[in-house]
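> Once you've looked at the hints, go ahead and assemble the two chains, each given alone in its own frame, into the complex.
Protein chains in written order, with the working numbering: chain U, 1 to 105; chain B, 1001 to 1228.
You may find that some hints are simply not true.
[As the list claims (entries may be wrong)] Here are the simulated lysine to aspartate or glutamate pairs, EDC-like style, with alpha carbons at most 20 Å apart:
no.	chain 1	residue 1	chain 2	residue 2
1	B	Lys1227	B	Glu1162
2	B	Lys1227	U	Glu38
3	B	Lys1166	B	Glu1035
4	B	Lys1166	U	Glu63
5	B	Lys1182	U	Glu63
6	U	Lys32	B	Asp1185
[Stated by the list, open to error] Partial pick of chain B residues on the chain U-facing surface, computed with a CB cut under 8 Å:
no.	residue
7	Leu1020
8	Ile1023
9	Gly1052
10	Val1076
11	Val1089
12	Ser1098
13	Ala1175
14	Pro1204
15	Ser1207
16	Pro1213
Don't read these hints as lab results, they were simulated from the structure. By construction, the Cβ of each residue, glycine as well, lies at the ideal position given by its N, Cα and C atoms.
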Amino acid sequence: MTLTAIIFAGILTYLTRMTMIALISRDMLGDKIKAVLEYVPSAVFPAIIFPGIFINDFGTFIEMNDPKIFGALVAVIVGYFSKNIIATISAGLVSYWFLIFVVFS
Amino acid sequence: MLSKKQLFTRGMLDISPHMLSVIPFGIICGAIGVELGFDPYLVYAMSFIIFGGASQIVFLQVLSGGATSLVAVASVGIINSRHLLYGAVLSEYLERLSFIKKLFISYLVVDQGFAESNRFFRKNRNQEFLHYHLIGTGCTMWVCWQIATLSGIVLGSFVPEELGLKFAIPLTFIAIVVQDLKKIDHVIVMITCGLSSLLFFDAPFKSYIIISPLIALFVAALLSRLKK
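Just chain B, same shape as in the assembly (with noise of 0.2 Å):
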């Protein structure tokens, strides 16, 4: 049985590799709202309040375009509603806790965190304090973040442009999914959600980042009643 300190810490591990992407991403995100000439205190407070990625980028994108505040608040919770898909796998995990403890938690479930911890829970699925795995990738990416967006805002975007830094974020999400090339099930679901996300790229919102996973979802139990 691993201790409560172990397990943060082998979330710490799990999750840090990902911040090869993750920093330059929040170091252009924070750098791209103060361009974009938003008060810099605004550009940091959305790490705190939103702590979401790609949805603050678009917020501001959103708002300095001249859409009203209603749209750019739409978007951000249309973009993140993919959580609703995690909580409901990590939700097995968690249940033990109390109601405090899921609150608190609930904050800190961002989607490289979901991907390791859930693969860390389905092979360690007898531990008793499961849930300090997530906080180690919770916390970890929840530091990189704030450090990174702040120095984007405070020393403008130091990164250069012509890396293509932002191509980091697919190559991430890459990581985390090849594994599961070897099964022919998950290959079709992930081209199913691939294709979707393209054909719908241009739904009002952004919402192709919610439609195609339902779509790839739908087709993942069309699948799982073929296995049976």
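Only chain U is shown next, with the shape it has when bound in the complex (with noise of 0.2 Å):
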């Protein structure tokens, strides 16, 4: 039962990955369309990165000086600066645990 709702589970996110780089061809997308398009990482995102930080575990708001806000403006500065994936996401966790295990314990 549970293996036949993870089988159409795993199709549809298949078509969802398929249907446009299969279906679609350079001339169905004017050049409209395709300035918009270059907006795609910016548009998207931030719908994991929000909620990531500023909802807990059980789907309320943090409060406002919840560790997570510092730990993620301290990963936006770092990664402004350093371009670095590695020390903008190290930077963000351990100024994170710098928070709830030293300042906050």
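As structure tokens, this is what we get:
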């Protein structure tokens, strides 16, 4: 029963991946649409970033003094200047850990 | 001109820093599935069949919360519908591939792989075997995801929960978009998407994950009209 559901979920997921790649050709997308598609990363990833920071595991908003906000700010600053993915992630995690294990403990 | 092997390797290298967040997240995903009481084989089957990060956790949580399979499947479909946008962007670069190759390569499209390969494609439009970069990012992600979820399933959540490693996921995506903060139009689009995602967070089937990008792209369309 669950396996059937997993297979359907898998097929559906595959279709989301395949549809545009396999069925769209260059002529179908005009210049205007291409210009808008350049914004896709900026238009999609904040929908993963913002809830990951501002909403906790129980689906409610965090307090404004939550360590995650500080960690995210540090990650943005370090990422902006270092242009390095590992430095960005580490800086965010370490500053978050510093707050929850040292400052707020 | 770079060879297929060079492009593949470049793809692997470009995505590998993200494994810092992907591997702990995969371990958590595997462990959660077993903790929720699902058959370990089924939990692993998801990594192979769905291969879709957060959507796998949501699937199991929805089912264990007592909802029908239909709701669980619909949630996965809606969460993963963002791939349609990735596909639309990538189609331009994958156009010359045969239909069969397109079918295979599609299975490997993931968030971080799309982000890194798209960045590479834009700078290297003239390379002949561009798609090998996407295969490189996708395969790296696939192998790491299988190993990570499998270790979570077998070993349980050996990553201490107190570390809050789920937080590494937003951080990995911050690393992806942070350079675009230099451009004011991108900043506006990002803030639109972020605020919409919080506003629509409680919308059914986790649909905020596609509603907010669509709102943000609408704003992007207005902005690109203004720029002319």
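> For this structure, which hints from the list above don't hold up?
1, 5, 8, 12, 14 and 15
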